[in-house]
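8 protein chains.
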Amino acid sequence: MADVIYDRDRPDRIGMPEAILCEGKSPEQIAAAIDQALQGADNVLLTRLVPAIAEELSISDYDEESWTGIAGTWEPPAGEPRVAVVAAGTSDLRVAREALRTLAYHGIPAAEYADVGVAGLWRLLDISEELAEYRAIIAVAGMDGAMFTVLSGLVPGVVVAVPTSIGYGVSRDGETALHAALASCAQGIVAVNIDNGYGAACAVTRLFGLDR
Amino acid sequence: MADVIYDRDRPDRIGMPEAILCEGKSPEQIAAAIDQALQGADNVLLTRLVPAIAEELSISDYDEESWTGIAGTWEPPAGEPRVAVVAAGTSDLRVAREALRTLAYHGIPAAEYADVGVAGLWRLLDISEELAEYRAIIAVAGMDGAMFTVLSGLVPGVVVAVPTSIGYGVSRDGETALHAALASCAQGIVAVNIDNGYGAACAVTRLFGLDR
Amino acid sequence: MADVIYDRDRPDRIGMPEAILCEGKSPEQIAAAIDQALQGADNVLLTRLVPAIAEELSISDYDEESWTGIAGTWEPPAGEPRVAVVAAGTSDLRVAREALRTLAYHGIPAAEYADVGVAGLWRLLDISEELAEYRAIIAVAGMDGAMFTVLSGLVPGVVVAVPTSIGYGVSRDGETALHAALASCAQGIVAVNIDNGYGAACAVTRLFGLDR
Amino acid sequence: MADVIYDRDRPDRIGMPEAILCEGKSPEQIAAAIDQALQGADNVLLTRLVPAIAEELSISDYDEESWTGIAGTWEPPAGEPRVAVVAAGTSDLRVAREALRTLAYHGIPAAEYADVGVAGLWRLLDISEELAEYRAIIAVAGMDGAMFTVLSGLVPGVVVAVPTSIGYGVSRDGETALHAALASCAQGIVAVNIDNGYGAACAVTRLFGLDR
Amino acid sequence: MADVIYDRDRPDRIGMPEAILCEGKSPEQIAAAIDQALQGADNVLLTRLVPAIAEELSISDYDEESWTGIAGTWEPPAGEPRVAVVAAGTSDLRVAREALRTLAYHGIPAAEYADVGVAGLWRLLDISEELAEYRAIIAVAGMDGAMFTVLSGLVPGVVVAVPTSIGYGVSRDGETALHAALASCAQGIVAVNIDNGYGAACAVTRLFGLDR
Amino acid sequence: MADVIYDRDRPDRIGMPEAILCEGKSPEQIAAAIDQALQGADNVLLTRLVPAIAEELSISDYDEESWTGIAGTWEPPAGEPRVAVVAAGTSDLRVAREALRTLAYHGIPAAEYADVGVAGLWRLLDISEELAEYRAIIAVAGMDGAMFTVLSGLVPGVVVAVPTSIGYGVSRDGETALHAALASCAQGIVAVNIDNGYGAACAVTRLFGLDR
Amino acid sequence: MADVIYDRDRPDRIGMPEAILCEGKSPEQIAAAIDQALQGADNVLLTRLVPAIAEELSISDYDEESWTGIAGTWEPPAGEPRVAVVAAGTSDLRVAREALRTLAYHGIPAAEYADVGVAGLWRLLDISEELAEYRAIIAVAGMDGAMFTVLSGLVPGVVVAVPTSIGYGVSRDGETALHAALASCAQGIVAVNIDNGYGAACAVTRLFGLDR
Amino acid sequence: MADVIYDRDRPDRIGMPEAILCEGKSPEQIAAAIDQALQGADNVLLTRLVPAIAEELSISDYDEESWTGIAGTWEPPAGEPRVAVVAAGTSDLRVAREALRTLAYHGIPAAEYADVGVAGLWRLLDISEELAEYRAIIAVAGMDGAMFTVLSGLVPGVVVAVPTSIGYGVSRDGETALHAALASCAQGIVAVNIDNGYGAACAVTRLFGLDR
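Residue numbers (our numbering), protein chains in the order written: chain G, 7 to 218; chain V, 7 to 218; chain R, 7 to 218; chain X, 7 to 218; chain D, 7 to 218; chain P, 7 to 218; chain E, 7 to 218; chain A, 7 to 218.
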């Protein structure tokens with residue numbers, strides 16, 4: 007079997023632990039990576055760990071909704087939320103919660119705002135005052151990605167857009183939402199890869215600095 | 007030279023006169039088509055007629071902003087506007103005005119609302135009550151096309167989206183705006199080809215029936 | 007589990023009830039959305055509800071051919087058809103019937119014309135007089151989408167094109183039919199997303215106004 | 007300067023003379039290729055020879071509408087037309103005439119039918135009896151390419167589709183017309199590259215055998 | 007269940023019977039279409055009929071290699087082959103045999119040449135004299151589609167290219183082979199849709215005229 | 007002429023002044039927008055203002071290298087740089103300097119690092135200690151965009167990737183660099199649209215808060 | 007069943023044995039190809055042979071990690087490695103090992119370097135001296151493909167890039183890594199198809215000459 | 007003006023001098039880069055230097071056909087050719103000669119074979135014995151790129167494919183030729199970016215080692 011080398015020196019260099027992306031790895035490969043990780047650290051984050059594979063492994067803290075797990079001992083952060091994670095639709099929640107879990111693992115409390123897509127603009131307007139308090143907002147949306155632009159026009163913080171693969175036809179598995187974020191007529195929006203809630207959380211963690 | 011056959015029987019069959027799309031035609035071809043058209047009708051609409059070519063022809067009514075002309079005798083319609091044409095940005099105006107001119111040529115009065123893109127959401131909210139009175143709204147926007155979805159959530163009428171080729175990079179000459187219209191998380195939106203203000207006006211004319 | 011918020015105030019604002027798109031949702035999420043919907047309304051439309059999932063839910067009115075269901079109490083509309091729904095091939099029928107069911111749910115009677123693709127042009131010519139009576143026609147076709155253009159040249163009403171993902175190779179899951187609708191050499195055609203029979207029906211409902 | 011080698015043995019092997027594609031070649035390169043060709047043959051066909059370049063060369067028979075020239079001595083074929091070349095719109099004529107000239111150069115008489123696009127279906131129906139007499143029809147159309155399918159349903163001969171780059175937006179420089187030809191719900195259609203009138207004529211020449 | 011209308015008048019009009027494309031249809035829909043077809047004809051061709059579905063139906067003549075069936079009574083044609091069907095690789099055989107079966111059903115005898123891809127050029131050169139006798143050659147190849155160009159340079163007949171979806175990565179499910187056929191530096195090549203052996207055979211049948 | 011409405015209330019709402027994107031606007035439209043802007047503010051930023059157009063306008067502070075101008079009275083910021091702007095190649099400098107000018111206009115001092123592409127990895131390693139001091143780095147690169155990933159592995163700050171349209175062939179006008187940024191095997195990278203130096207600077211300004 | 011013809015004369019002509027690509031072939035087709043191959047040679051390489059199919063065949067030397075098998079008798083090469091095979095991530099190992107096995111089958115010893123992606127640049131720098139000794143390096147990476155450029159700047163040998171389909175979203179099944187290799191700002195990189203470890207090994211074998 | 011830093015230490019590290027890509031640079035930027043280069047070396051290669059720009063600079067050795075120049079003092083290599091450069095058509099010669107000049111600049115003699123595209127297969131077969139003597143062949147072709155596969159089946163050396171942007175329609179500016187090279191049914195082919203003759207020569211130089 008392929009040896010899996012876990013990058014133990016990473017936190018020192020760039021201030022952040024490496025996570026284990028489980029997609030495309032066998033349970034054996036994941037288990038080996040966890041073992042190696044826990045030799046040099048108290049815990050390790052696992053992403054894109056589908057329930058079927060998670061059952062075969064002994065993960066102390068597995069979350070079915072975000073497909074994330076944390077192996078080892080770990081405490082969630084306390085205190086006021088410093089980041090808002092905003093999801094446009096019900097189907098965007100898995101990705102939004104991957105971002106929330108990653109932030110929590112990095113010691114950064116965050117608040118979730120769900121089902122505030124712009125087809126029902128009032129829901130978003132209702133919380134715009136609240137959202138205006140955050141320096142950074144992770145926005146999660148698929149289909150047309152119109153929420154990114156509207157949000158960016160309502161708040162002074164930076165909007166980290168996470169396009170999702172939700173939708174069909176010309177949604178093109180998230181490409182339309184991604185392009186809408188990047189081609190926005192508003193400014194203040196930056197984007198990560200489609201469905202990459204983990205990456206959005208890492209970028210925000212870098213902004214604030216890791217707190218663990 | 008190629009003979010240009012103008013379809014004189016068209017209004018009887020589908021209730022609408024054929025227009026002459028000037029793009030890709032020589033001044034001679036356009037002049038020949040006008041001649042033929044005016045043998046069977048009082049006037050004819052010319053679209054995508056750039057100023058440089060227009061100067062070489064004797065068009066009684068040429069409009070530089072919409073690149074449209076009307077040859078022959080013609081009277082603009084009077085009365086209350088029945089359609090709203092909404093443009094997101096200054097650069098979208100040529101296309102919006104092609105729609106307005108086409109509606110006017112078809113005898114349908116319409117109202118223009120300019121520079122109401124969703125990056126400045128308040129401008130659009132300010133006129134939403136007014137827009138809610140129209141049965142059909144032609145919405146013209148490039149870049150991310152976010153205006154289509156927001157508009158559709160604010161009004162009960164049908165939104166005919168005209169994506170424009172305004173923008174750069176991932177705007178892809180209007181493809182992103184088009185896909186945003188079609189993949190919208192809202193409903194009640196239909197779309198025409200990129201920059202096709204003429205086509206949007208024709209579809210709306212069919213809804214109301216030609217009035218000439 | 008993710009909370010599913012149903013938008014109860016929607017009919018007041020834009021004149022149309024929100025439907026529940028079941029694709030990508032678990033039976034539990036769908037059931038929760040139905041419960042919430044029926045607290046504020048007599049019924050709710052479910053779309054893209056595949057038979058396997060439908061069996062797990064207690065839907066009073068499920069239709070296998072259109073993959074739609076209506077939960078709650080509901081009466082189909084009576085009276086003369088106001089819209090024609092035209093399907094090119096046998097394989098386009100699921101999408102065509104999603105449009106028909108949505109229209110019915112919105113209180114708008116409609117007529118179905120099946121298997122009238124332009125490869126056998128005579129079938130379409132045979133019904134062209136009849137189709138010419140409708141103000142709006144929902145046209146459903148995959149592959150080359152040639153029916154959209156032909157239809158638009160035969161009737162005075164607006165043609166709402168629903169490209170379908172039927173076909174293989176360069177059909178590209180409906181992209182070719184969509185582009186054919188938008189790039190048509192005819193006018194009077196507007197388009198919705200690939201396979202989006204629901205969206206076409208909603209646009210037409212907006213034209214006529216909701217009748218429930 | 008690059009030597010240009012003209013393939014003099016070609017007619018013997020595959021029954022057809024090579025032509026000189028002038029696009030992307032300098033007048034000097036074209037002149038050299040002509041010289042070489044005329045050493046082994048009485049004449050040679052030049053394609054995509056724009057008027058500006060043609061003026062710099064001494065071509066005995068240059069045709070501005072098709073951008074083709076024939077150097078050397080040459081006689082057009084006489085007799086009944088054996089192939090029909092059908093063009094959908096005025097803008098498609100350059101490509102249609104490239105096909106006609108190539109057929110003539112190959113000794114095959116052909117008939118032109120212009121401006122018979124399916125937006126005005128009656129024009130095409132009017133000539134369908136006539137077209138049904140041909141074993142092969144070269145059909146030239148841009149935009150949605152709907153003519154290919156309709157034509158194929160009206161006649162028993164093979165339809166050689168030449169998509170053109172006419173159109174804008176989702177026409178994608180001929181890609182939509184090409185895909186419509188290939189994804190057609192009708193059968194009996196084969197396609198050549200976009201704007202390739204020459205290639206369509208060559209394929210038809212192979213069917214009949216070269217007659218020079 | 008959806009009614010399936012079989013086009014019985016087709017042979018009279020365009021000289022060829024309609025076939026039943028089974029892909030995307032349920033066994034019930036296929037059976038209904040067969041019933042209707044056999045009321046007006048002695049037999050009917052079924053394409054893309056996978057073995058699993060074929061087992062559920064009582065098809066008198068089913069061929070597992072080409073996924074085709076012929077319902078009703080039918081006699082294969084006798085006599086010298088009039089068309090060559092050339093397959094580049096083993097994996098291209100299903101499509102090649104769909105073409106062969108369709109030709110046979112249309113009464114046209116044809117010869118198969120297998121595994122003559124140009125990576126091993128000698129195999130193709132060995133049979134080039136033989137192939138030069140045919141007026142039309144159906145060429146079936148995936149991956150780079152290089153065989154189309156080479157073949158076209160070796161024979162005087164028309165080459166009907168059938169690109170296949172064989173390959174991976176930049177083969178793009180047949181798009182590269184299709185584009186290679188259309189962009190060929192040789193002439194005399196026409197193409198049909200990816201994997202469309204049936205369509206290639208129909209085009210060739212139109213060339214020769216149906217013989218049944 | 008089209009009226010150009012400048013959004014004077016914008017700074018209050020989202021903490022940042024709107025800039026005037028000059029691309030696609032006539033000198034008259036730009037001049038009108040400047041006039042309107044200077045009625046409510048001391049200065050206004052102009053982007054994508056090519057030298058030829060700039061000459062026709064009286065801009066107090068025009069910079070040829072970044073194609074930016076600032077109309078009105080304005081003072082560059084003083085103090086230590088808070089952001090690093092890193093350009094991979096000489097050809098990326100126009101975009102990098104658009105970012106620098108925008109930051110300066112927003113009152114944020116920044117430092118430029120030029121010609122540090124990863125083909126010559128040592129140049130980047132030489133400055134990695136220095137770059138590690140910044141909370142945010144704007145990275146500008148075209149072609150393969152490999153610099154984004156390497157940079158992100160060397161520093162703890164967030165990397166705002168600006169892909170540029172530099173390159174040819176499969177660079178696809180910046181698409182490859184954009185995709186490389188988004189698909190990076192590293193984390194901590196966010197992206198803006200191709201060539202959008204202005205947008206990257208705006209996002210960073212939002213992080214720090216506007217300082218004017 | 008389709009006859010499978012194995013090209014026995016191939017080694018004489020181009021110096022290399024043909025392998026059997028098992029993907030898309032049935033176990034019977036593979037077995038027939040092996041039989042034919044072993045009539046003219048001592049052994050034959052099988053690629054893309056998934057474990058489930060391998061179990062049904064009696065392959066003397068099957069390797070689960072590379073999905074390769076060698077039928078017949080065979081000895082691995084001895085001696086110093088002449089080629090380095092470098093894999094960016096754990097998920098790239100299958101493809102890397104396909105290259106290693108192919109080299110071994112061709113008699114060329116090679117060394118594997120795993121998990122040296124550029125997100126952790128130090129790992130790659132640590133082995134750069136070692137890698138600089140090789141005339142040819144096969145580099146295997148997915149996602150952003152940044153390793154290709156960095157590697158090429160560190161070593162004097164040629165870099166044969168094998169992009170892999172590892173990644174999601176804009177990775178586009180390996181297209182982004184492929185384009186990054188080809189659009190590299192470094193030189194000395196050549197590429198093969200996505201996931202084509204076999205092809206990279208064959209190219210390198212041609213460089214050195216087959217040694218069996 | 008932007009400073010242009012020339013990488014003087016490059017030859018020591020990776021065994022090859024950096025060239026100056028002139029495309030997209032102003033004459034002033036090119037002149038500055040030359041000055042800097044000649045401070046640390048006897049000569050420097052300039053690529054993509056169009057004649058119009060070359061005239062403004064004083065390049066001792068400029069070649070109009072390849073758009074390359076060599077500034078400083080320089081001697082072409084003597085001796086037997088070690089590499090073959092094969093061009094399919096006349097229009098491919100600029101790119102082929104960029105490769106030849108780059109090889110010469112690197113001290114590697116090479117031989118040119120022009121106009122040997124596979125549409126006229128015999129030309130290529132005629133020289134196949136000769137080509138079989140080379141360890142490496144640079145193959146330059148546009149359109150369908152069929153030459154790459156045929157060549158690879160005729161010779162034992164490695165084929166470095168340089169797809170060119172020659173062609174129209176589905177040639178897609180070289181993409182089809184590139185994909186044909188990568189998806190080839192033959193093996194032993196590696197590819198560089200479209201039109202990148204320089205890159206192909208650099209890769210071959212790395213194979214042989216720089217000889218200057």
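Hints should not be assumed to be uniformly reliable.
[As the list claims (entries may be wrong)] Covered, in the sense of this in silico footprint (three residues per stretch, anywhere, with C-beta under 8 Å from a C-beta of chain E), are these stretches of chain A: (1) 60 to 67; (2) 158 to 165.
[Claimed, not checked] Coverage of chain G stretches by chain V, computed from C-beta distances (three or more under 8 Å per stretch; other residues unrestricted): (3) 68 to 76; (4) 158 to 165; (5) 188 to 200.
[Stated by the list, open to error] Label-pair restraints from in silico Cβ distances: (6) Ala-47(R) with Ile-133(V): 27 to 37 Å; (7) Glu-136(D) with Glu-62(E): 29 to 39 Å; (8) Asp-132(G) with Ala-47(R): 36 to 46 Å.
Because the hints were derived from the structure by calculation, they are not lab data.
Glycine residues also receive a C-beta, built at the ideal position from the N, C-alpha and C atoms.
Here is how each hint holds up against the structure:
Counting residues of the segment 60 to 67 of chain A whose C-beta lies closer than 8 Å to any C-beta of chain E gives 0; at least three are required, and the coverage claim is violated. With a cut-off of 8 Å between beta carbons, the segment 158 to 165 of chain A has 7 residues touching chain E; three or more are needed, and the interface restraint holds. Closer than 8 Å: that is the beta-carbon criterion, and the segment 68 to 76 of chain G has 0 residues meeting it against chain V, so the requirement of 3 is violated. Here the segment 158 to 165 of chain G counts 3 residues with a CB under 8 Å from a CB of chain V, which clears the bar of 3, and the coverage holds.
Given a C-beta distance limit of less than 8 Å, the hint that chain V covers the segment 188 to 200 of chain G holds, as 6 residues qualify and 3 suffice. Hint check: Ala-47(R) to Ile-133(V), Cβ distance near 30 Å, so the stated range 27 to 37 Å holds. A hinted range of 29 to 39 Å holds for the C-beta pair Glu-136(D) and Glu-62(E), which are about 38 Å apart. As the Cβ distance of Asp-132(G) to Ala-47(R) is approximately 21 Å, the hint placing it in 36 to 46 Å is violated.
Hint check: violations occur at hints 1, 3 and 8; the rest are consistent with the structure.
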